[in-house]
Amino acid sequence: MARAIWSGSISFGMVTIPVKLYGATESKDIAFNLLHTSCGTRLKQMRWCPTDEAEVPWNETARGYEYAKGQFVVLTEEDFEKLPLPSKHTIDLSAFVAESEIDPVFYERSYYLAPDERAEKPYALLFQALEEKKLAAVATITIRKKEQLCVLRPQAGVLMLETLYYPDEIRAQPEVEIKTAKVSGRELEMAFTLIDLLRKPFDPAEYKDNYREALEKLIEAKLEGRDVVTAPAARETKVIDLADALRKSVEAARKGAKPKAAASRRRTAPAARRRTRKVS
Amino acid sequence: MRETVRRVIEQLDSVSPRLTLEVDGHELPVTNLDKELWPAAGRRKPLTKRDLLRYFARVSPWMLPHLADRPLFVTRFPNGIGGKSFFQKHWDPVPPFVRTVSIYSRAGDTDGDYIICENVATLLWLGQMAGLELHAWYSRTERAPDALGRGKRFTGSEAALDKSVLNYPDFVVFDLDPYLYSGKEARGAEPELHRRAFQRTRALALRVREQLARLGLETWVKTSGRTGLHLYLPIVRDLDFDAARGIAETIGQHALREHPREVTVEWAVERRKGKIFFDYNQNSRGKSLAVPYSPRQHAAGTVSTPVGWDEIESVYPTDFTLRTVPDRLERDGDPWAGILESKQDLGAILEAGSAG
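Line by line, the protein sequences are chains E and W.
Numbering follows our numbering, in which position 26 of the first sequence is assigned residue number 107; successive positions increment by one, without gaps.
Numbering follows our numbering, in which position 238 of the second sequence is assigned residue number 274; successive positions increment by one, without gaps.
So that you can see chain E by itself, here it is in the shape it has in the complex (with noise of 0.2 Å):
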């Protein structure tokens, strides 16, 4: 399975369950690099001060919450320490609910969450508790320094964990007049007869992204007739002649300086990982 994204504790009375958490969905959409037309570089963004007409470094940047227009209250990271985050390592369940009783508006994002080492039996506890009352536990969990409402649900031998949106961050119906206007028998029994023939079980693997589909076909395509845009070699991991780059890499390395920089820094992390992949 992928990485954990989260690792704690469900706390539920005088049990602690050890667990992971894992993301449920990934979106596939298609990312893309803004290039500049006339060179085909990637376009760098910067942080740019209209006042001092420079580029700023981040140790010189600050965040600040503009409370009126052009007025900022500037927060450091010390303020942020300062406040408080209740559920730091723990999923704190406070309350037992009927999945149903949750309009599927609160939903956000969707996690697994898996029992960590010698937790299998609490979990499978929960678990089984939740599935046979078929109810679903209220909690709060904090990710990325930020406090989460959210809802466990067994769901096909796993626990799912819901982030749910706050009530505050739901926006009110808006405010068009739907009129009431009358229905007859005859037109509601044709809507019926309509509705009952594409009635069906839902099969989520009927559906899939046409764009997305249609988009690779057409980066194939161009990969296909070698429509490749290729930046300029402004370094010297960016080179076109094969014989140019490794003279430069020899010479570099004939003169006692590393040849890249940028490759010997990587070192440890990439190799640290590789870890977790079969040796060759």
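Just so you know, the hints here were simulated from the structure itself, not pulled from any lab data.
All values derive from a computational prediction rather than experimental measurement.
Take these hints with a grain of salt, some might be off.
Claimed, not checked - Subject to a maximum C-alpha distance of 30 Å in a straight line, what follows is the list of computed BS3-like cross-link-like pairs (lysine-lysine): (1) W/Lys379 x E/Lys336; (2) E/Lys109 x W/Lys309; (3) E/Lys101 x W/Lys309; (4) E/Lys109 x W/Lys220; (5) E/Lys227 x E/Lys101; (6) E/Lys101 x E/Lys202; (7) E/Lys109 x E/Lys226; (8) E/Lys298 x E/Lys125; (9) E/Lys336 x W/Lys199; (10) W/Lys188 x W/Lys199; (11) E/Lys101 x W/Lys220; (12) W/Lys309 x E/Lys303; (13) W/Lys220 x E/Lys298; (14) E/Lys101 x W/Lys120; (15) W/Lys188 x E/Lys329; (16) E/Lys329 x W/Lys120; (17) E/Lys215 x E/Lys202; (18) W/Lys220 x E/Lys329; (19) E/Lys101 x E/Lys163; (20) E/Lys298 x W/Lys309; (21) W/Lys120 x W/Lys71; (22) W/Lys120 x E/Lys202; (23) E/Lys336 x W/Lys323; (24) E/Lys289 x W/Lys309; (25) E/Lys329 x W/Lys379; (26) W/Lys309 x W/Lys120; (27) E/Lys150 x E/Lys163; (28) W/Lys120 x E/Lys336; (29) E/Lys125 x W/Lys309; (30) E/Lys281 x E/Lys214; (31) W/Lys120 x E/Lys289.
Put chain W on the given structure of chain E with help from the hints.
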């Protein structure tokens, strides 16, 4: 050597599950000889520890030269390839016939003893411990003939090791690892070996070889013993690991540019899907690919096997197993014999290329 091998094989022919092998005057107790390290599958018979020891003995004349003077670590499978495995780098104690070398390790900020496998007895000792997968450094402890000025102090600090001959690899290596799924894999499992994936990997290897040949560089190839191919570029030892990795990265990025539909250099495994992972990151001190003739964790008992470019079109990874490789070596010899005599002076070759 051949006489040593013959005598070991004779002793292993005994039906006893435990023996004390006499190898070149050394005594080596071996146990659990009938333990199945590769279980039976379909019509395939199991391979036991006895089979592994026989294999190591028979291939030793061709395998040992590839291990000479190189710090070694192994992956042990005490309960066979289906069981738990673990890496082992440091050993204590070792039998008297095993050579060790003390090397500084940044991880513990201390020196640790590595073993060097330079005789049949050491190879069999590793086999006794179910050390199936052998990984040796790309650099050697000895300076002759192409690294005469380099240091021989490997202990005490990172700086000493950086200056030593162990920081100068004999090869730039590439691991071509297809992430082309057969469709039969379990969710999240590694891709399995299948014909189409291997054909594409082979085609890519041939193109990389051709590209480097145009620059006057000769590449050597072996099967990984699993799904992919390993490419080695033997070089004169005047470039350190950082330089080798820079060169490997340049070649990898070039391959990506040339074959964007075939090649990936992505770290995230899920992004490699459908492409061949061109892994140039193995060019680091202390990292290693499986050595030539190392068995691999594969149900068929496959072995990472050097092949000639003239035969690559007609071979398939499962052709080379513990059962077949000894005969192949006895019949045709080692296609990689002399790889260290074929070292290339990258700098000189590239300069010559630019002049002409």
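*Violated hints - listed by number, lowest first*: 16, 18, 28 and 31
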